[in-house]
Structure formats: C-alpha cells, structure tokens
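A.B. asks: Residues per chain, in single letters:
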Amino acid sequence: MGYLEKDKTDALNQLKKERGIGNLASDKNPFDYHDREYGTMPQDTNRAPFQWVSEVAYKNTHRIVARGYDTTELMEEGYGMIDVLFVDYQARIPSLEEEQMASYVMIIMLEDGLSAPAAISRIVAKSKTFLTQACGASIMSFGHAFGAYSTFGNRMDSYLKKMEQENLSLEEVAKQLVAESEYDEALGISDLMLQDPTADKMIARAEKLGVAGINIKFIKAIEKAAQEKSGESLKIDLLGATGAVMQDLGFTPEATWAILSITRSFGAGAHYIEEVERGKFSRLGEDLSPKENYDGPEDRPVPPIGDREKFAKAAVCKTPQEWAERFESMKQVRGSGFSINEEVKDPSKSSGINKVGKL
Amino acid sequence: MSREPTLDRKTAISYKTEEKTVMRGYNLSDLAEEGYSFYDALFVLFQSRIPTKKEEKMLKYEMGVFLEHSMSPSAVGAIGVSAGRPNLPVCIAAAVSTFGGVHGPGAAHGYMLNKYLKRAAEEGKTVDEMAKILVDEYMDAGKPVMGMGQPQHIDSDPRAEPIHLKQEEIELEGVYLEFQRAVEKYFHARRKKDGRSYVGVNVVGSGNTALMEIGFAPNAGWCLGSVVRGFSCAAHALYNMKKGRAWGASRNEPMVQMIDLSMIKYIGPEDRIVPSQDERQEYAKKQKEEGEYKKWVI
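Protein sequence lines, in the order shown, are assigned to chains A and B. All residue numbers for the first sequence refer to numbering that gives the first Met the number 0, where the first residue is 0 and numbers rise by one. All residue numbers for the second sequence refer to numbering that gives the first Met the number 0, where the first residue is 0 and numbers rise by one.
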C-alpha cells in the first residue's frame with residue numbers, strides 16, 4: 000500500500016484540524032498531530048529483506064538439516080531423538096554414555112503424579128480443547144519455583160564463575176551460595192527426597208557412566224553446606240539432581256528448563272487423555288466456589304448509582320507519603336497485586352546480538 | 000511443607016509417595032536403573048506395557064526424525080512469542096499449541112485410519128478395498144486426505160518414505176502400514192486420473208502410521224509428535240532470545256526485522272474520520288444500512 004499521496008494526506012489532516020479531535024492537537028504533545036502520514040511504510044530497500052535467521056536448523060524442499068546434520072540421515076545411521084537434543088542445543092553428537100544419561104533423566108522427569116503440569120493439563124482438558132493446548136499449558140507451569148532450572152542453573156554458573164575469579168574453593172562458594180539463597184525453591188537442596196533414593200541413584204549413575212562433572216561436585220558441596228548451616232535433614236532433590244546432571248551433560252540452564260519441561264508434557268498428554276476418558280467436560284458457570292473458602296469483605300449492598308460519589312474514594316495520591324500509606328493498605332486486599340514485588344527480567348540484556356543480512 | 004495433591008483425582012497413570020514415583024505400576028527409578036530408555040518409558044506411559052526392542056527402535060526413529068523441522072508454524076510461533084521476552088516455557092507452549100487441524104494433525108490422521116479400518120472389519124472388506132473407498136469418499140467430498148502433501152516439501156517429504164522403509168526394515172508391518180500404503184496408492188492414482196500433480200505422503204502419514212502400528216492411540220501419537228517438536232522450537236526460541244533482537248523491529252539491524260513497520264501490508268478500509276459522539280447515532284445507523292462493512296466482517 001505505502002503512504003497516502005501528499006494532496007490526500009494534507010486534505011485529511013486539514014479536515015481533522017478544523018474539527019479538532021480531543022487533546023490530539025494540544026501543544027503539550029511532542030508532535031504536530033496534523034502533520035502525519037497515512038498508510039503503511041514503504042518497503043525498506045536500503046536494508047536486506049527480512050529472512051528467518053537461524054543457527055539451529057534449515058530446510059529446503061528435499062532435506063531438513065540441524066546444525067549441519069541431515070536429520071533423516073541421522074536416524075538412518077541409528078541416532079535417535081535424544082541425540083538430536085544434543086545436536087540442536089549443543090551442535091554436537093553425544094557419546095553413548097551421555098545419551099544414556101539424558102535418557103535416564105528424562106525417564107525420571109516423565110511423570111510426577113498429579114502435580115502442577117498434570118493438574119493444569121486436566122483442567123484445560125475439561126474445557127474440551129485439543130490435546131496440544133493441554134500439553135502447552137503443562138509446559139507453562141514450569142516457572143522459577145516449580146522446575147526452576149533457569150534460576151537454579153544460572154545461580155550455579157555464577158557461583159562457579161566467582162570461584163574461578165576469586166580463587167575460592169568449591170566448599171567456600173557453596174557456603175556463600177547457601178547463605179545467599181535463603182533456601183529458596185531453586186536451591187536444589189530440600190527435605191523433599193529424604194525417603195526417596197531417586198536423586199542419589201541418578202547422581203551415582205552419572206558418576207558410574209563417567210559423565211559427572213563440576214556441577215555434580217558443586218551440588219554435593221551445596222548439599223553439605225546446607226546441611227551444616229541448617230542443622231536439618233536436607234538432601235539433593237529432584238531439581239538439584241536433574242539440573243546438575245543436565246548441566247554436566249553440557250546443556251545450559253535454559254536448555255535444561257526447556258528439555259525437562261517438555262519431557263513432562265508427554266506425561267501431561269496422558270493425563271489429558273485420561274481426564275477426557277474418565278471425566279466430564281465443564282460448562283461455563285458450572286463450577287461453584289463455596290463461601291466457606293471465601294475470606295474477602297462481608298456481603299454488602301451495592302450503592303445506588305446516584306450516590307456513587309458519596310461512596311467512592313479515588314485512588315489518586317498527592318504526596319509520596321499518601322501514596323505509601325495507600326500502598327501499604329492495599330496489601331490487605333488480596334488479589335490486588337500490591338503484596339508482590341518482582342523483577343521482570345529481559346534476558347536479551349545479557350545476550351550477544353548476531354548482526355546478519357547486510358545487502 | 001504441605002505435600003497435598005494439587006488436584007483430587009483417581010488416576011490409572013501414576014502415583015507418588017515420599018519414597019517413590021510409580022507409573023503404571025513401575026517405579027520410575029527402577030525403570031531407569033534397569034537400563035530401559037526414555038522411549039520405553041513412553042510405551043509404559045501411554046500403553047502400560049514394556050515394548051519390544053523393535054518397537055522401541057521405531058519410536059526412537061520416528062521421534063528423532065520429527066523433532067527438528069526448521070521454520071514451520073511451531074518454530075515461527077515460538078520465535079514470535081520470544082520477541083516479547085517472556086519466560087522460555089511460554090514460547091514452547093505456544094509452539095506445541097500450534098499443532099491443530101493442519102499442522103501435524105496426527106490425531107486426525109489416526110482417527111481417519113481407525114474409522115475406515117473399523118468399517119473394513121464390519122463390512123467384511125479388505126484393507127485394500129477400504130483404502131480405495133476412503134480416498135474416493137474424501138476426494139469426492141473435496142476433503143484433504145490426511146497424511147498427504149506438505150506445503151514446503153512439494154516433491155515428497157524427506158522424512159516420510161524413509162519412515163515407511165524403516166518400519167518395513169525392522170519388520171513392524173501391520174494393518175496400519177498396509178492400509179496407509181494402499182491409501183497412498185489410490186490417492187496417487189486418483190490424482191493422476193484427475194489430471195492433477197503428484198502429492199507425496201507427509202511425515203504425519205508415515206510417522207503416525209508407524210506410531211499406531213506400535214500401539215499408540217491417535218491422541219497419544221499426536222502428543223508424541225507435537226511435544227517432541229517442542230524440543231526444537233525451544234532451541235529456536237532460545238537462539239533468538241540469546242542472540243537475536245527483542246521485539247523484532249529494530250531499525251539498527253542490517254536486515255529488515257520480522258515486524259519492521261515496512262513488513263505490514265494493509266488491505267482494509269481506507270483511512271477515515273472518526274465520527275464525533277454527536278454524530279454517532281446517525282453515523283452508526285447509516286453505516287449499518289449501507290452494509291459496506293459486511294465485507295470486512297471476519
């Protein structure tokens with residue numbers, strides 16, 4: 000389409016100027032509203048045209064190639080899905096032991112009973128959706144507490160870096176990490192697996208296969224530091240074991256996050272199927288929420304609309320003090336969001352931009 | 000710490016105690032320790048059984064060849080979502096959720112095969128006879144035959160026939176492969192007769208046939224296909240998050256970006272004056288009477 004011709008643009012702008020549209024002509028605006036183009040931007044011929052840029056894979060009419068390997072050729076040579084994970088995420092063929100270890104971790108991560116991913120999958124299933132929606136929803140349940148591989152792994156990486164830079168021992172940085180983590184959900188050490196040997200066995204298997212590295216050593220040191228500091232029975236948990244093993248297999252924290260959340264999604268798919276098979280679909284408005292679970296304001300009459308100004312109190316605060324008082328009082332209103340203070344990070348700030356596509 | 004279940008349900012899939020996690024009766028840790036593979040575990044999950052070595056090999060092949068597909072709706076979905084820099088799982092969820100009635104319609108293909116196999120059994124017809132009926136019924140009705148054709152691999156999907164061949168090589172030929180092969184035969188013959196171009200089998204047609212042959216139900220097969228693709232889509236999203244521009248619209252890049260303003264081609268109603276509130280009622284009435292708006296309704 001491109002921009003509208005100048006005479007038509009001027010005429011349209013003049014017409015709008017004469018009639019005035021709200022505050023759009025205000026001098027306070029950092030622009031002259033009546034000197035603006037219509038239509039879409041012409042195509043940019045000074046730069047290379049848009050293309051999907053990828054280091055991971057390409058395809059053409061006749062082949063699909065990941066990191067240089069034709070994926071059909073990979074399968075014909077006897078490689079499998081798990082090998083392709085190493086190819087996609089690390090651009091390399093894994094050793095047999097690495098493939099076996101990744102398979103081991105993925106078996107353990109496949110199912111976890113009715114925890115969040117399965118529960119969400121079932122709730123989505125009750126709406127009569129596609130299976131794929133339920134699987135997608137299950138992956139979204141992996142955050143920075145449940146399946147906190149990104150938080151866990153990046154913290155491990157940063158302390159290992161610190162160890163090198165400051166010439167500290169593994170034990171010293173482990174103590175620092177424990178002290179600064181406040182035993183949060185991403186520590187990888189907890190009381191969750193005191194009676195379940197799965198994590199211990201996984202680490203023993205990694206050592207037996209010869210794939211254990213610095214991350215397993217580090218999580219063991221963290222376990223020891225946490226036990227000493229808390230004086231409680233604590234052990235490497237599922238997050239700690241699977242996260243450390245996957246990182247020793249060369250996967251980044253984010254790759255681990257992706258791979259293991261997707262692995263659980265297969266299980267969530269089975270839960271979707273079972274929910275549909277055994278359950279019934281939900282209708283809009285069907286589910287009740289019992290009053291005994293409610294602890295908000297008591298039932299109260301809706302004020303007459305004509306009396307609105309008598310009842311209503313504006314949220315506008317004129318001073319920081321006033322603002323602070325309101326902020327604190329709003330913390331009592333559960334569900335308002337005032338009790339949550341989180342940092343929404345931009346992962347691209349720490350990334351390297353690839354400049355590609357010059358004409 | 001409270002360890003109450005998130006959802007109260009009776010389930011035949013798994014249970015978890017403080018001591019172990021058990022899926023279909025097997026302790027997951029024991030499965031892994033015994034040397035079973037992740038592929039074996041998927042048979043346990045969906046079919047409650049340990050597969051034969053050949054079946055395990057077939058699943059390994061199918062999932063491996065399906066995992067990566069470069070730029071498909073799933074990868075593009077993941078990359079598009081990543082532009083806003085949400086948490087990585089959101090990108091993957093979007094990618095998996097792109098699998099619907101057209102992109103990787105594994106369940107639809109499976110249901111189609113099952114429906115006609117059931118008819119063959121009920122009507123006493125051979126697989127070959129029923130395949131011709133399927134093709135004719137679909138093509139007479141102008142419906143696409145599931146499992147045929149791929150918009151990018153126009154000659155033939157590079158993964159498709161090799162999957163069929165692998166299934167034959169490892170001697171896992173059963174009623175599904177026989178049926179699918181027959182569907183392809185009659186599909187090609189019908190298109191040739193109609194003077195239409197060759198359209199090959201796609202990866203759903205061959206891959207899903209293999210999955211069903213080794214015992215997976217249509218939805219289980221769909222789950223395996225769509226979720227395994229999530230692995231590569233996550234890699235594409237991650238690449239863009241770590242090495243690409245957020246937003247996808249920077250004008251400082253040497254290449255025009257995904258959602259650069261110049262990428263927009265608009266073909267809707269021309270720019271027009273917003274009616275004032277005083278004019279509103281009359282304007283709205285006239286607009287409705289003239290009905291020109293109807294051609295834009297979606």
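What the hints contain is simulated information worked out from the structure, not anything from laboratory work. C-beta: ideal position from N, C-alpha, C; glycine also. Incorrect hints may have been included.
Stated by the list, open to error - Computed footprint of chain A on chain B, listed as stretches where at least three residues anywhere in the stretch have a Cβ under 8 Å from a Cβ of chain A:
# : stretch
1 : 112-119
2 : 145-153
3 : 226-233
Stated by the list, open to error - To be clear about the criterion: a stretch of chain B counts as covered by chain A if any three or more of its residues have a C-beta under 8 Å from a C-beta of chain A, and this derived list gives those stretches:
# : stretch
4 : 80-88
5 : 252-258
Stated by the list, open to error - Mimicking SDA-like on lysine to any residue, the simulated pairs with C-alpha atoms at most 25 Å apart in a straight line are:
#  : chain 1 : residue 1 : chain 2 : residue 2
6  : A       : Lys290    : B       : Thr5
7  : A       : Lys290    : B       : Ile272
8  : B       : Lys52     : A       : Glu75
9  : B       : Lys56     : A       : Ala90
10 : A       : Lys16     : B       : Glu278
11 : B       : Lys56     : B       : Lys192
12 : A       : Lys7      : B       : Ser275
13 : B       : Lys142    : B       : Lys192
14 : A       : Lys58     : A       : Ile92
15 : B       : Lys264    : A       : Asn45
16 : A       : Lys174    : A       : Lys223
17 : A       : Lys279    : B       : Ala216
18 : A       : Lys207    : B       : Tyr25
19 : A       : Lys161    : A       : Thr251
20 : B       : Lys53     : A       : Ser94
A.B. asks: Could you run down the list of hints and mark each one as holding or not?
C.D. replies: To see whether the hints hold, each was checked on the structure:
1. 112-119: With 0 residues closer than 8 Å to chain A, the stretch 112-119 of chain B misses the three-residue bar; violated.
2. 145-153: Answer holds; 3 residues pass the 8 Å Cβ test.
3. 226-233: This one holds; 6 residues, not fewer than the three required, reach chain A with a Cβ under 8 Å.
4. 80-88: holds (count 4)
5. 252-258: Satisfied; 6 residues make the cut.
6. Lys290(A) <-> Thr5(B): 20 Å, holds
7. Lys290(A) <-> Ile272(B): With Cα atoms ~51 Å apart, Lys290(A) and Ile272(B) exceed 25 Å; violated.
8. Lys52(B) <-> Glu75(A): 17 Å, holds
9. Lys56(B) <-> Ala90(A): Holds, at about 23 Å.
10. Lys16(A) <-> Glu278(B): It holds: about 17 Å lies between the C-alpha atoms, which stays within 25 Å.
11. Lys56(B) <-> Lys192(B): 38 Å, violated
12. Lys7(A) <-> Ser275(B): 21 Å, holds
13. Lys142(B) <-> Lys192(B): 17 Å, holds
14. Lys58(A) <-> Ile92(A): Holds: Lys58(A) and Ile92(A) sit about 20 Å apart, inside 25 Å.
15. Lys264(B) <-> Asn45(A): Between Lys264(B) and Asn45(A) the Cα gap is close to 18 Å, so the pair holds against 25 Å.
16. Lys174(A) <-> Lys223(A): 9 Å, holds
17. Lys279(A) <-> Ala216(B): With Cα atoms ~20 Å apart, Lys279(A) and Ala216(B) stay inside 25 Å; holds.
18. Lys207(A) <-> Tyr25(B): The hint holds at about 23 Å.
19. Lys161(A) <-> Thr251(A): 18 Å, holds
20. Lys53(B) <-> Ser94(A): 22 Å, holds
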